[in-house]
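**Student:** Sequence:
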Amino acid sequence: MNKLYDLRIVIGIFFLIIGFLLMGYAFFLDGSLEENIKINLYCGLLFLSFGLLMLLLKTKRNRSN
Numbered sequence: 001m002n003k004l005y006d007l008r009i010v011i012g013i014f015f016l017i018i019g020f021l022l023m024g025y026a027f028f029l030d031g032s033l034e035e036n037i038k039i040n041l042y043c044g045l046l047f048l049s050f051g052l053l054m055l056l057l058k059t060k061r062n063r064s065n
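Position 31, counted from 1, in the sequence shown is what UniProt numbering calls 31; the numbers after and before it change by one each time, with no gaps.
Wrong hints could be hidden among the right ones.
To be verified - Derived lysine to any residue pairs resembling SDA-like cross-links, with alpha carbons at most 25 angstroms apart:
no., residue 1, residue 2
1, K38, I13
2, K60, F15
3, K38, F15
Because the hints were derived from the structure by calculation, they are not lab data.
Work the whole structure out from these sequences, hints included.
**Tutor:** Right, dumping it as structure tokens:
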């Protein structure tokens, strides 16, 4: 339970989930709205990278302690 007090884990997992949802929506949507697919894909990639960065920062802090 003490791990959840560090917000980097919660924020990282949240952005990973939202990123996967946006990317999945972009891949499974039909090609009729080309701009929306690109926006969902790019935002999904951005959210995934931010979520991974937050989790990476958490693991680096654990190694230094």
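**Student:** Now look at each hint and say whether the structure bears it out.
**Tutor:** Results for each hint:
1. With a C-alpha separation of about 23 angstroms, the suggested pair K38 and I13 falls inside the 25 angstroms cut-off, and the hint holds.
2. The hinted pair formed by K60 and F15 meets the criterion: a straight-line CA distance of about 19 angstroms does not exceed 25 angstroms.
3. Restraint check for K38 and F15: satisfied, since their Cα atoms lie roughly 18 angstroms apart, inside the 25 angstroms limit.
Violated hints are absent here; each numbered hint is respected by the structure.
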